[in-house]
Amino acid sequence: MKRIATIALSALLTMGAFSGLASAATELTAQQKFDALKAKGIFDGMDSTGTSALDQNMTRAQFAKVAALLTGLKVDSNPVTSTFNDVSADNWATGYIEAAKKAGLIEGVGGGNFNPSGNVTQEQLAAVMVRALGIQTDTNAVVGGVSDWAKGYVAAAVNAGLIAGVTDFTAPAKREALVVSSYATDELQTDIKAVENENKPAIGKLLALGTFSANGDQFGPQNSMTKEDVLQALDSMTNGKFDAASLQLNAPPTFAEVLRAYLLALGYPADSLQDADRLIDKAIDSGIVSKDSPLLKIQQLNLPLTRQWGSYLTAGTLFDATTVTVDSNGNVKQNADKHLSETMKLPDAPIQVKLSDVQDVPTYDKLSLIDPSIEERVTTVPTTVPTTPVYTDTTAPTITGATITLSGSPTTSKTVTISGGNSGTIELDVTDKLIGGTISVSEASTLTITKIGDIDLTSLSSMLTQPLSAGSNPLNLITFLDDTIDPQDDGISASFLANQATSNGLVVNGNLRDSAGNVQQIILTFSFPT
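In mature numbering (1 follows the signal peptide of the UniProt record, and there is no 0), the protein residues as written are -24 to -1, 1 to 506.
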């Protein structure tokens, strides 16, 4: 879950489509990063030859365009008025400037002016990129060579790897610095989006187990994680055995406080968790988060977590992290095969919560579908009888229907032709754009995608696994692909999929597995008119 497998698939789909890939280990040059951003329409060349001009400065107007395109803002190509006195309505950059200002990415220079021909400074660059990613800033950050207003932005941008450390952040930024920063922001933006999508099943699991709660049908992903959230999670994870009285939490708790609490729940001794800077190392060692998690780039230890990231951290602690034991000499030993989910408090049945503010969060009708360790607990019979569960169900689940949703106003859908309960074919026009879909199955089961075209996704099966209820369910595969390869959020281009298809179409392989262990191999084929 916390291994960011989504990012690996994103690389497969965007860097090399479905064919040979360049080595991801080789750092791109500034020119290569410029070429990549130019191909995405984010940067333009400086003259008729399209040169990168990396050694030149960039104006504030030019950077407003980059900021708007980088974040996929809706830009009015023919604005009637301009907010700033020194930018006319018919200026080529007005639409970009207005869009970026409305989104809170840029500000004027005072006196109602924008100074469109002025240079972008290093600290202005940092501020825009941090705002674009929604990174919290510490206004008390200590940074040298920075204006007071920009210290929090610069500290956050350096921590996230968006800008390099320099002596004077008030100096103009060369186009090379802007290109490198924009490329890093674009990558981190993609990573964050991928993790948010990957985290949706985790939110569903936490709600089903009572580890997290929703307010009616509202999860509030951008609200701060509360002290009550942390205590509820700890009570669930430790089966009520955590000594909450010994825990000091602010309201709302900081990232460091949440990490310390969860490490205590795993068995780390309190005296080993006093150094806040070492908490992240222990969280990585135990498996709560991976060292390449975007959370570690955008979150500061002394600031609160959102509920989105709090649920991500909680799920990592519950399902992924290893518990520890401490001997009489204070040596910590990791129990690699023992997770909190094996002994956690379980409700009698999954808690059903259908969220309206976070789309495609699954619900669960059986505890056994939530996690393998939970499945083993709820299907194990008393020791006086054979421990192997006896199932009378020998019928494999089947697909009873499916649709693909297309973008548009209003949206439309196409029906997938189902054959034999395990094969589906959908014919798409190259002008179609896919934004979602549904799949109906005969019984509660788990769908796992194992292959797309020639790409074997077995190693990513934990990410591409979706629990299904009997009847209609959202088809998370389409939503995931849309989030991964569609940065403009207007749908997956059918023409892109067509370019990856063979004469037989683009084939997706997977399987359906029910709680009794019955498995049905499935095939979904996207075909295109010749």
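By construction, these hints were calculated from the structure, which means they are not laboratory data. Since we're looking at a predicted model, the values are computed, not measured. Hints are not guaranteed to be accurate.
Think about it this way: if two alpha-carbon atoms lie no more than 20 Å apart in a straight line, the pair counts; the simulated PhoX-like pairs of lysine-lysine are [as the list claims (entries may be wrong)]:
1) Lys390 to Lys409
2) Lys78 to Lys50
3) Lys217 to Lys267
4) Lys258 to Lys314
5) Lys203 to Lys169
6) Lys176 to Lys217
7) Lys77 to Lys50
8) Lys16 to Lys176
9) Lys258 to Lys169
10) Lys267 to Lys169
11) Lys176 to Lys258
12) Lys16 to Lys409
13) Lys217 to Lys203
14) Lys150 to Lys14
15) Lys342 to Lys330
16) Lys330 to Lys176
17) Lys203 to Lys16
18) Lys321 to Lys217
19) Lys50 to Lys169
20) Lys258 to Lys273
21) Lys50 to Lys330
22) Lys78 to Lys217
Computed beta-carbon distance windows for the label pairs [to be verified]:
23) Gln194 to Pro348: 46 to 54 Å
24) Asp31 to Gly377: 37 to 45 Å
25) Asn226 to Ile431: 43 to 51 Å
26) Glu83 to Gly192: 52 to 60 Å
Built from N, CA and C at the ideal position, the CB exists for glycine as well.
(Q) Does lysine 217 sit within 20 Å of lysine 78, going by the straight-line distance between their CA atoms? (A) 49 Å, violated
Q. Has the given pair, lysine 78 with lysine 50, been kept, meaning a C-alpha gap of at most 20 Å?
A. Between lysine 78 and lysine 50 the Cα gap is close to 10 Å, so the pair holds against 20 Å.
Q | Cβ separation of glutamine 194 and proline 348, checked against the hinted range 46 to 54 Å | A | 30 Å, violated
**Q.** Distance restraint between lysine 217 and lysine 267, which requires alpha-carbon spacing of 20 Å or less
**A.** Violated, at about 29 Å.
Q: Take the C-alpha atoms of lysine 258 and lysine 273, compute the straight-line distance between them, and say whether it is at most 20 Å.
A: 16 Å, holds
Q | glutamate 83 paired with glycine 192, Cβ distance criterion 52 to 60 Å | A | 37 Å Cβ-Cβ, so the 52 to 60 Å window is violated.
Q) Keeping to a limit of 20 Å between CA atoms, is the pair of lysine 50 and lysine 169 held or broken? A) Given that 20 Å is the threshold and the Cα spacing comes to 19 Å, the pair holds.
Q) Taken at face value, is the distance from the CA of lysine 169 to the CA of lysine 203 at most 20 Å? A) Not OK: lysine 203 and lysine 169 at ~26 Å, beyond 20 Å, violated.
Q.
Quick check on a hinted range of 43 to 51 Å for asparagine 226 and isoleucine 431, using CB atoms only.
A. 46 Å, holds
Q) Is the Cα-Cα distance between lysine 150 and lysine 14 20 Å or less? A) The given pair, whose Cα atoms are some 17 Å apart, holds under the 20 Å limit.
(Q) Against the 20 Å threshold, does the CA-CA distance of lysine 176 and lysine 258 hold or violate the hint? (A) Status violated; Cα separation ~25 Å.
Q: Below or equal to 20 Å on CA atoms is what counts here, so check lysine 330 against lysine 176.
A: Distance of about 12 Å is within 20 Å: holds.
In summary, the structure is inconsistent with hints 3, 5, 6, 8, 9, 11, 17, 21, 22, 23, 24, 26 from the numbered list given earlier, while agreeing with the others.
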